[in-house]
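Trainee: The primary structure of each chain is shown beneath.
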Amino acid sequence: MSVKRILILTAEIVMLVLVFLIIVGPMMSLFIWSIAHRWYWPNTLPQEVGLEYWKQALGLHTSLAIGAISIVPAFLLSLLIAVVVVIISMLIAIPAGYALAKYRIPFGAFIMFLFLMPNAFPQQPIFVNLLHIFTRWGLAGTIQGVILVHILVGLVFGVWITSATFRSIPSYLEEAAHSVGAGSLYTFFHITLPLAAPGLLASSVFVFITSLDEFTGTFFIGLPFVNTLPMTLYSSSGYNMQFASVIAIILLIPSILFMTLIQKVLKAEYVGGMG
Amino acid sequence: MGQVAVQAKQVVRREVSLPPYLLLLLPALTFMLLMYGYPFFSSITRSFINSQGQFSFENYQKTVDLYLKDIGFTFVVTVFSTAVSAGLAILLAVYLRLRQSSISRVLGGLYRVPIFIPFVVVAQMMTTFLAPHGLLNLTLAKVGMVDIKNPLQLFNFYGLTFGFVWKMIPFSVLIIHGGFQMIDNSYIEAARSCGAGLMRVITRVLIPMNRPSILVALVLVYSQIVGTFTLPYMLIGGKIPTTITVDIAHRINYFRDFGVANTLGVFSYLLVLATAVYYLKSSVKKVTGSQASER
Chain A
1 MSVKRILILT AEIVMLVLVF LIIVGPMMSL FIWSIAHRWY WPNTLPQEVG LEYWKQALGL
61 HTSLAIGAIS IVPAFLLSLL IAVVVVIISM LIAIPAGYAL AKYRIPFGAF IMFLFLMPNA
121 FPQQPIFVNL LHIFTRWGLA GTIQGVILVH ILVGLVFGVW ITSATFRSIP SYLEEAAHSV
181 GAGSLYTFFH ITLPLAAPGL LASSVFVFIT SLDEFTGTFF IGLPFVNTLP MTLYSSSGYN
241 MQFASVIAII LLIPSILFMT LIQKVLKAEY VGGMG
Chain B
276 MGQVAVQAKQ VVRREVSLPP YLLLLLPALT FMLLMYGYPF FSSITRSFIN SQGQFSFENY
336 QKTVDLYLKD IGFTFVVTVF STAVSAGLAI LLAVYLRLRQ SSISRVLGGL YRVPIFIPFV
396 VVAQMMTTFL APHGLLNLTL AKVGMVDIKN PLQLFNFYGL TFGFVWKMIP FSVLIIHGGF
456 QMIDNSYIEA ARSCGAGLMR VITRVLIPMN RPSILVALVL VYSQIVGTFT LPYMLIGGKI
516 PTTITVDIAH RINYFRDFGV ANTLGVFSYL LVLATAVYYL KSSVKKVTGS QASER
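Read top to bottom, the protein sequences are chains A and B. Heads up, the first sequence is in the numbering used here, so the first residue is 1 and it goes up one at a time. Heads up, the second sequence is in the numbering used here, so the first residue is 276 and it goes up one at a time.
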């Protein structure tokens, strides 16, 4: 019996180490690259490490090396786009989510269908055709165009998470408010909205991160004029590994933070189609 | 009599004024129709329009001539990555369901780490990690498993699969483990008390009872991988064979050829057709079903 127990324990430890190495290995690789000043093959680790590339990226040092630009403007642009995207997406998603949760809607299946399709089909052909359409409308290569694409990517999650949130609020609370004379708007703003606040917040943060990380849509609509953080990462990954790794780590932090924050309420619908 | 008239008036008024949900849905619906429905529709119609602006199958001819191999590659890499992710995810989820130990609790937190890491970061990670001079090869050489002068070449099918699996396992485990937790312990105990061993409990009780969530995980992972552009673009790029998504980008960036790009897009729709139909059907049924049961 005890031999079996030791065997199981060993197997568990081996599995833990293996999973740990597989998950952490690639992240470790990013980290080492971001601090490698000199790393000559075939040394396992860099010969010289330091924070030079971090300083360059954060605009504290200027360097004439290829690809070494400050990422501060790109970071600010990404942040600006993400904030605008969250505001507009939520303004559109909250009413839609509420309607989907609380009303019996004719053609409801069709509407749901429309909001589910981006999860079911590849989105790249959509971006390609939006490029075509936006070129005609004068939106290709503009920040407005990129914002519209980010809203498209975020809105689907926004609507699903908000409607799930509203659905989870029992309707007898709203009926109780009605029965003591509260109007529909009063009930919404004083009963429903405060109860839904955590879900709506989670949904906003999710849309925010989706926008911050969005690559494919920005690649087609924004390039070469709109340089968000992921675009800067992409354009420097060809010739400056250290620099690209620094940006990758900066993009990594919010996603891991978000994961730890949302741990408790993590649901499959939040995750589908991410990236 | 008067009461009836008032009621009738109310009914009439209700019919004349717009239902409130229409107003609430209007912005989102307009946006989706314009920004999703319209481009989706035109991605299909434009695949039948040649460079002269006429209806033809020219784009399809060209796509089959040039990209048939890449379409096959995309399909094989997707099926393989999905199968590996699902297999490993089921194993991990079964372990997390059946074993309560301090190690399983650590693993239960650890596996989730990659879940929200965007593909662009995963791509950068994998290009540094899997490179011939990358950390993986250097470490394996240090341990003596690889000859450093002849490192593993991973910017191909295998590296791509590794990247997809790395990113998709957490997501699959989340869904599948959620399903396993809905299965009451009494089923497992009942099977055990009838003399079922561990394997039988897994294959005869846990997996069959959890079929829906395993299928959903498979379907979502499969359709996500088909549509992923960033990872293959940064890892493999223009090398042959590559994925459909990379070919679409090349068609647009180098040739401004929307016809062939859209045809490739249609092929990627065809690759996910079965999973998309299953996903849409089951999701709509789930939502309308839960609404019906609420009322």
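What the hints contain is simulated information worked out from the structure, not anything from laboratory work. Some hints could be false.
What the hints assert, rightly or not - Here are the simulated distance ranges between beta carbons:
| id | chain 1 | residue 1 | chain 2 | residue 2 | range |
| --- | --- | --- | --- | --- | --- |
| 1 | B | N425 | A | R38 | 20 to 28 Å |
| 2 | B | G347 | A | Y239 | 30 to 38 Å |
| 3 | A | I13 | B | N431 | 27 to 35 Å |
| 4 | B | F316 | A | P106 | 17 to 25 Å |
| 5 | B | N431 | A | Y172 | 32 to 40 Å |
All values derive from a computational prediction rather than experimental measurement. Glycine included, C-beta positions come from ideal geometry on N, C-alpha and C.
Trainee: Hints first: check each against the structure and report whether it holds.
Mentor: Going down the list of hints, with the structure as the test:
1. B:N425 to A:R38: 20 to 28 Å: holds (24 Å)
2. B:G347 to A:Y239: 30 to 38 Å: holds (32 Å)
3. A:I13 to B:N431: 27 to 35 Å: holds (33 Å)
4. B:F316 to A:P106: 17 to 25 Å: Holds: the Cβ-Cβ distance is about 22 Å, inside 17 to 25 Å.
5. B:N431 to A:Y172: 32 to 40 Å: About 59 Å separates the Cβ atoms of B:N431 and A:Y172, which means 32 to 40 Å is violated.
Of the numbered hints given earlier, the model fails hint 5 alone.
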